[in-house]
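*Asks:* Chains as they are written, first to last, in this note's numbering: chain Y, -15 to 350; chain G, -15 to 350; chain C, -15 to 350; chain W, -15 to 350.
These aren't lab readings, by the way, just hints derived from the structure by calculation. Among the clues, some could well be false.
List of simulated lysine-lysine pairs, DSS-like, C-alpha gap at most 27 Å [as the list claims (entries may be wrong)]:
{"#": "1", "chain 1": "G", "residue 1": "85", "chain 2": "C", "residue 2": "59"}
{"#": "2", "chain 1": "W", "residue 1": "149", "chain 2": "C", "residue 2": "149"}
{"#": "3", "chain 1": "Y", "residue 1": "348", "chain 2": "C", "residue 2": "59"}
{"#": "4", "chain 1": "W", "residue 1": "348", "chain 2": "Y", "residue 2": "85"}
{"#": "5", "chain 1": "Y", "residue 1": "348", "chain 2": "G", "residue 2": "348"}
{"#": "6", "chain 1": "C", "residue 1": "59", "chain 2": "G", "residue 2": "59"}
{"#": "7", "chain 1": "G", "residue 1": "149", "chain 2": "Y", "residue 2": "294"}
{"#": "8", "chain 1": "G", "residue 1": "33", "chain 2": "Y", "residue 2": "85"}
{"#": "9", "chain 1": "W", "residue 1": "348", "chain 2": "Y", "residue 2": "298"}
{"#": "10", "chain 1": "C", "residue 1": "348", "chain 2": "W", "residue 2": "85"}
{"#": "11", "chain 1": "G", "residue 1": "149", "chain 2": "G", "residue 2": "298"}
{"#": "12", "chain 1": "Y", "residue 1": "59", "chain 2": "C", "residue 2": "38"}
{"#": "13", "chain 1": "C", "residue 1": "33", "chain 2": "G", "residue 2": "59"}
{"#": "14", "chain 1": "C", "residue 1": "298", "chain 2": "C", "residue 2": "348"}
{"#": "15", "chain 1": "W", "residue 1": "149", "chain 2": "C", "residue 2": "294"}
{"#": "16", "chain 1": "W", "residue 1": "348", "chain 2": "C", "residue 2": "348"}
{"#": "17", "chain 1": "G", "residue 1": "85", "chain 2": "Y", "residue 2": "348"}
{"#": "18", "chain 1": "W", "residue 1": "298", "chain 2": "C", "residue 2": "298"}
{"#": "19", "chain 1": "Y", "residue 1": "348", "chain 2": "G", "residue 2": "294"}
{"#": "20", "chain 1": "W", "residue 1": "348", "chain 2": "C", "residue 2": "85"}
{"#": "21", "chain 1": "C", "residue 1": "185", "chain 2": "C", "residue 2": "174"}
{"#": "22", "chain 1": "Y", "residue 1": "59", "chain 2": "W", "residue 2": "298"}
{"#": "23", "chain 1": "C", "residue 1": "185", "chain 2": "C", "residue 2": "33"}
{"#": "24", "chain 1": "Y", "residue 1": "85", "chain 2": "Y", "residue 2": "308"}
{"#": "25", "chain 1": "W", "residue 1": "174", "chain 2": "W", "residue 2": "38"}
{"#": "26", "chain 1": "G", "residue 1": "149", "chain 2": "Y", "residue 2": "149"}
{"#": "27", "chain 1": "W", "residue 1": "348", "chain 2": "G", "residue 2": "59"}
{"#": "28", "chain 1": "W", "residue 1": "298", "chain 2": "G", "residue 2": "348"}
{"#": "29", "chain 1": "Y", "residue 1": "298", "chain 2": "G", "residue 2": "298"}
{"#": "30", "chain 1": "G", "residue 1": "298", "chain 2": "C", "residue 2": "174"}
Ranges between beta-carbon positions, derived for each pair [said to hold, decoys possible]:
{"#": "31", "chain 1": "W", "residue 1": "164", "chain 2": "C", "residue 2": "147", "range": "48 to 54 Å"}
{"#": "32", "chain 1": "C", "residue 1": "154", "chain 2": "W", "residue 2": "137", "range": "29 to 35 Å"}
{"#": "33", "chain 1": "G", "residue 1": "199", "chain 2": "C", "residue 2": "21", "range": "24 to 30 Å"}
In silico contact screen, one side only, chain W against chain Y (beta carbon under 10 Å); selected entries [to be verified]:
{"#": "34", "residue": "-12"}
{"#": "35", "residue": "17"}
{"#": "36", "residue": "48"}
{"#": "37", "residue": "52"}
{"#": "38", "residue": "53"}
{"#": "39", "residue": "62"}
{"#": "40", "residue": "98"}
Idealized CB from N, CA, C, for every residue including glycine.
Number of protein chains: 4
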Amino acid sequence: MSINSFGHLFRVTTWGESHGPALGATVDGCPPNVAVDEAMLQHWLDMRKPGQNKYTTQRQEADQVRILSGVFNGKTTGTPVQLMIENTDQRSKDYGDIAEKFRPGHADITYWQKYGIRDYRGGGRSSARETASRVAAGGLARAALNALAPQVQITGYMVQMGPHKIDREQFDWDEIIRNPFWTPDATAAKTWAGYLDQLRKSGSSVGAMVEVVARGLPAGLGAPVYGKLDTELAAAMMSINAVKGVEIGEGMNAAVLTGEANADEIRMGADGPIFSSNHAGGILGGISTGQDVVVRFSVKPTSSILTPRKTITKSGEEVEIITKGRHDPCVGIRAVPVGEAMMACVLLDHLLLHRGQIGDAGGKIG
Amino acid sequence: MSINSFGHLFRVTTWGESHGPALGATVDGCPPNVAVDEAMLQHWLDMRKPGQNKYTTQRQEADQVRILSGVFNGKTTGTPVQLMIENTDQRSKDYGDIAEKFRPGHADITYWQKYGIRDYRGGGRSSARETASRVAAGGLARAALNALAPQVQITGYMVQMGPHKIDREQFDWDEIIRNPFWTPDATAAKTWAGYLDQLRKSGSSVGAMVEVVARGLPAGLGAPVYGKLDTELAAAMMSINAVKGVEIGEGMNAAVLTGEANADEIRMGADGPIFSSNHAGGILGGISTGQDVVVRFSVKPTSSILTPRKTITKSGEEVEIITKGRHDPCVGIRAVPVGEAMMACVLLDHLLLHRGQIGDAGGKIG
Amino acid sequence: MSINSFGHLFRVTTWGESHGPALGATVDGCPPNVAVDEAMLQHWLDMRKPGQNKYTTQRQEADQVRILSGVFNGKTTGTPVQLMIENTDQRSKDYGDIAEKFRPGHADITYWQKYGIRDYRGGGRSSARETASRVAAGGLARAALNALAPQVQITGYMVQMGPHKIDREQFDWDEIIRNPFWTPDATAAKTWAGYLDQLRKSGSSVGAMVEVVARGLPAGLGAPVYGKLDTELAAAMMSINAVKGVEIGEGMNAAVLTGEANADEIRMGADGPIFSSNHAGGILGGISTGQDVVVRFSVKPTSSILTPRKTITKSGEEVEIITKGRHDPCVGIRAVPVGEAMMACVLLDHLLLHRGQIGDAGGKIG
Amino acid sequence: MSINSFGHLFRVTTWGESHGPALGATVDGCPPNVAVDEAMLQHWLDMRKPGQNKYTTQRQEADQVRILSGVFNGKTTGTPVQLMIENTDQRSKDYGDIAEKFRPGHADITYWQKYGIRDYRGGGRSSARETASRVAAGGLARAALNALAPQVQITGYMVQMGPHKIDREQFDWDEIIRNPFWTPDATAAKTWAGYLDQLRKSGSSVGAMVEVVARGLPAGLGAPVYGKLDTELAAAMMSINAVKGVEIGEGMNAAVLTGEANADEIRMGADGPIFSSNHAGGILGGISTGQDVVVRFSVKPTSSILTPRKTITKSGEEVEIITKGRHDPCVGIRAVPVGEAMMACVLLDHLLLHRGQIGDAGGKIG
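Could you build all of it, start to finish, from the sequences and the hints given here?
*Replies:* In structure tokens:
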């Protein structure tokens, strides 16, 4: 019931604030004998790390992860894995102004109204720094997936920045790691570079859309009602800071389709069922079909902008605020590895849940 | 960890299949001394009941709910409330054909692959009949909300059917209960009537978009990370049959906005903070702001259509299938009361969670 | 988090009151394809059924269990199983007196203080009738255990009634089902019969001690800290009405032993490790050793006795009360099948948990 | 579902091994605005700290706790509190011998059989060092209890060491902190000192019995079935290393009593109901009565003794083992603050649960 946790059998609890001494993830239920070390986790954290190029915040964080428990001689022991990341760049002076004023679009006002106290430094618990913990946990989930289901591949990428969508015709899996936006469309990457440069200089920000795909997932993962794979993925993605919408397969567009247009017809392939299309996004009745699982989510623009905005103080005074500091003009970029991490955690969790309830007694076809 | 449950303190477990003797909801954690009886719950079930007009399935179900426990002399006792709905119209003969064939777009194939056994009658557990249990539980949640926070009003309505959106300028709260589509736009209701009639006659189906709004919710509900109000609502709505996308406030559209366009500025009103706009959909950092909470979800078209579709059998044979039977041409209509029920369950749960952790120690403004 | 639930993957939620229309258990997470029907569950319910001999309450309850969901063609489908038992003998007139008075030793006063409302008929939710639901769920757990680990045998029996203990030298497994006290000591059965007869006639009652043993359980079930097998068994048994103490292996007696006396030395047998003794009760570090798992619990005497006792009313008036009605002089007897049911639920749950996290990757010896 | 967690709303997850870099507790759901700092937690850790006198292990651990998150300016913020204790005295050389051999009475063999890998240094996860994390979390629970229910007092003490029981006539609350055994009987303390000295010199060990009492707890905490206060306390205490039995009130002795002897009669006092006795241990039907809550548990003798014991190796070879190292001759002593910590966690959790479900709507008497 822990409100800062997610997952059932592979259960992640994140902790820590933006400007406290450290943050991290407590991971319970990881299978034993999974090969993992700090370097493997660091690989994923480095993808999300700020300050790598001019398109992300200039905050300098090493984001160095330490494994404090649950791993012995390079392998998981099946006991809780504690992953800790120390905060090193805590320029608290940047945040003095916001102790009393609520930044519009931020959680300042709601944390105050809920708790009657808040760590106002850099957003405290509500800071997107929390997602570093998820990426660390996701790295562990990937290592476990690699041991249990090595054919599963999880890839995230940006499909839209502000008004600029990618051209699906230009989709190139290999392009994704070549540009700073994790986008599969090289032309879009160029357009976005110019667009974002301008936004950054004007102190503005913009939203984005991210897609995460899992290829090679076996059929049968998920469960009815609240264990539905799409339910879990929707929760996982919506729990990421700044996310305002989540779609599976056709997503919101399903509203406009007819039954004929939406049907994924089934034929028999060499290795089992194959589908004529994937409107369903790889999930039927909450359970994976064996097709690609396709999730998309929108990320709102950073609320920290240089244009003065109207707000109030704790004492109810009406004031204006400019959010200085070092912020991402498009936080959607760094949301890509976070979305991948959440996908990895959900899939591993359901792989374990399925093995627990069903073992290898699932139904065969043909 | 129960996969057929949702909620933390107000915890609902649904059970039952489309063509079994009964289905229902086991509700644990309801506050005591809440006035409730079967008639109050029946009111909401009747909204969802099939066979009420030509736009919904002609299956005849009384959907009569019985309270088997947890209520004494018209009040909840604080112990588990068992809500049971007996299945009365179980024309199993309609479903004989699908024992071996998998209907495209249905969960037939995934349930088989997962469990190695399935109750194929009418979709069994994956049938949308399951949502009747949720509506019953939601009725109980509403009764409890009415006792604890009577100012909260939950209203769902359709905002799109296929390509036809409502005109937000025509929005009229009072119109919603006057037309069979639960839409606030009287003109749209007329357009949809003609459109759906045609679809129904051709044996086709279409998707829809539903919006659910909670007005009067106090600020401070929700919590970080996995207790975020938007996380919970996304999961709640995505867990409804046929839902493929969920949005909060601006939703997917947040991707196209700049920080300036997306900011909800804050001023001080007579009774506390007021906002210049509600792009956030009433939630910041996962916690309610006191504005309207606005959730939208898409419902895919029913996969049961009269046009023959290609599929396979359990033994892998390639065949065609026509899904006869009595189906909704637009299941989005009957998803409206279901969405309301899920909203009620989530809000009550978070009201209790907040009271548990915080009591009345939240922060005041002004 | 459901307070009326237990188990992780095999999750049981019981519902219902002593004098409501019905009570039962909602069981989520049962493996699919387990052969089960109502007759198989009835077998266990009949063991617990009241009114079978003069040593148990004369309340006449058929305790007929119905399966409302989750079973199709005689096999579980992997979806929630609803087990319902209708209350048939509800002589509410017996209980009129206790609407205002609190019976000492009963939960009347605490339910009132907690909830501000209570179903006073026969104890309502706090009645030992609730345990019928557990026995039904335990029957399902046994069926699943039988499919997954057929070598596991669960047997409960009484080892003490009031001051009269069994003689362990006379222990005979086959005797257990031959006497009305489920005791393995035929001589004790005779002594107890006379002793209890006298108590019953005088309107008194007495406590008892029950032992439940699981034979044939594989090594490796359980987990650290709160997933410890002994933790779970302690909770399971202590949750049974009237239980006041729980022991594993040496139990409370472990306090008097030295390290030398308590050690279970290990040798290598033909099929794996063998132990020189079983002080540990089959559990080390919370994980099963492969030896017999031995749990013992005490059951307090029924508080419903004919001797007048001092108490108060809701309005604070000091009065006396005699609890008439039809009560068990030694509820410990009927606690035997309940203890077995709880053991079955816990073991199945941990079998699934183990399979989920570990699969077949446990360590081999030799 | 996390197997290394306990609690519902106040939820503690412990992590870490005996000889890893650190161990600790992740605590979610703590109420905000609770005054707490490291010194307050250290107070309780120092009670449990090893090496303080000749009756406990000579391992030298500072057991210095650090608060890494969830506390700001000396108050909790309502977000997760991370408590970390670094391991400083890790003489791994002491443990080289046990990498291959299984120590009888320890979890070496079961961890191996379960996980197929184990951190053999000092017992790894199964080491009693894990209880330091609980004491830290318990300190936080006490701080929160102090804010919410300052009248609650939690006190643990030893009532038996080996064959030597305390004399209840000599019970003196003030004596408890004056002797190294946390016993309320000064005479017993003297007897035990001599007894234990002898045991220690001979390299042997002995069991103990600990009692924990909560005074001043309001009536109404707890809930039916699996939220029963006694169920939760039984689980909490049984989850402590080396505990083999748990009792509430009369405990195992309830088996010998008649209904007349066991009844706690009720009268009306100035401030509410008063009871003639407390056989129930302060709990009826799983809910607190307002009387002292009394829990007792047995602690088995340390299995690490100098007498050679028979055992086997991973490869199945039969060998002998002497467990050298620095061990407690009576671990029951240091279990006292651990038992208190668990009591504090359970009571706070149920205080929050009660507030969440019921608020202040409980029933009044008189």
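*Asks:* Confirm or reject each hint.
*Replies:* Comparing the hints with the structure gives:
1. G:85 <-> C:59: Distance ~21 Å between residue 85 of chain G and residue 59 of chain C Cα, so the pair holds.
2. W:149 <-> C:149: holds, 23 Å
3. Y:348 <-> C:59: The hint holds at about 18 Å.
4. W:348 <-> Y:85: Distance of about 44 Å is beyond 27 Å: violated.
5. Y:348 <-> G:348: violated, 60 Å
6. C:59 <-> G:59: violated, 38 Å
7. G:149 <-> Y:294: Given pair residue 149 of chain G, residue 294 of chain Y is violated - Cα atoms ~33 Å apart, limit 27 Å.
8. G:33 <-> Y:85: Outside the cut-off at roughly 50 Å; violated.
9. W:348 <-> Y:298: Between residue 348 of chain W and residue 298 of chain Y the Cα gap is close to 39 Å, so the pair fails against 27 Å, i.e. violated.
10. C:348 <-> W:85: holds, 14 Å
11. G:149 <-> G:298: Given pair residue 149 of chain G, residue 298 of chain G is violated - Cα atoms ~40 Å apart, limit 27 Å.
12. Y:59 <-> C:38: Violated. Residue 59 of chain Y to residue 38 of chain C sits at ~61 Å, over the 27 Å cutoff.
13. C:33 <-> G:59: Distance ~30 Å between residue 33 of chain C and residue 59 of chain G Cα, so the pair is violated.
14. C:298 <-> C:348: violated, 62 Å
15. W:149 <-> C:294: violated, 33 Å
16. W:348 <-> C:348: Cα-Cα ~60 Å, so violated.
17. G:85 <-> Y:348: holds, 14 Å
18. W:298 <-> C:298: violated, 64 Å
19. Y:348 <-> G:294: Measuring from Cα to Cα gives roughly 19 Å; hence the hint holds.
20. W:348 <-> C:85: The given pair, whose Cα atoms are some 14 Å apart, holds under the 27 Å limit.
21. C:185 <-> C:174: holds, 17 Å
22. Y:59 <-> W:298: holds, 18 Å
23. C:185 <-> C:33: holds, 21 Å
24. Y:85 <-> Y:308: Holds, at roughly 13 Å.
25. W:174 <-> W:38: holds, 14 Å
26. G:149 <-> Y:149: holds, 23 Å
27. W:348 <-> G:59: Holds. Residue 348 of chain W to residue 59 of chain G sits at ~18 Å (cutoff 27 Å).
28. W:298 <-> G:348: This hinted pair is violated, its Cα atoms lying about 63 Å apart.
29. Y:298 <-> G:298: violated, 64 Å
30. G:298 <-> C:174: violated, 60 Å
31. W:164 <-> C:147: 48 to 54 Å: Violated - the Cβ-Cβ distance for residue 164 of chain W and residue 147 of chain C, about 38 Å, lies outside 48 to 54 Å.
32. C:154 <-> W:137: 29 to 35 Å: violated, 47 Å
33. G:199 <-> C:21: 24 to 30 Å: violated, 50 Å
34. -12: This interface hint holds because 5 Å falls under the 10 Å limit.
35. 17: holds, 5 Å
36. 48: violated, 14 Å
37. 52: This interface hint holds because 5 Å falls under the 10 Å limit.
38. 53: holds, 4 Å
39. 62: OK, holds: residue 62 of chain W within 10 Å of chain Y, min 4 Å.
40. 98: holds, 7 Å
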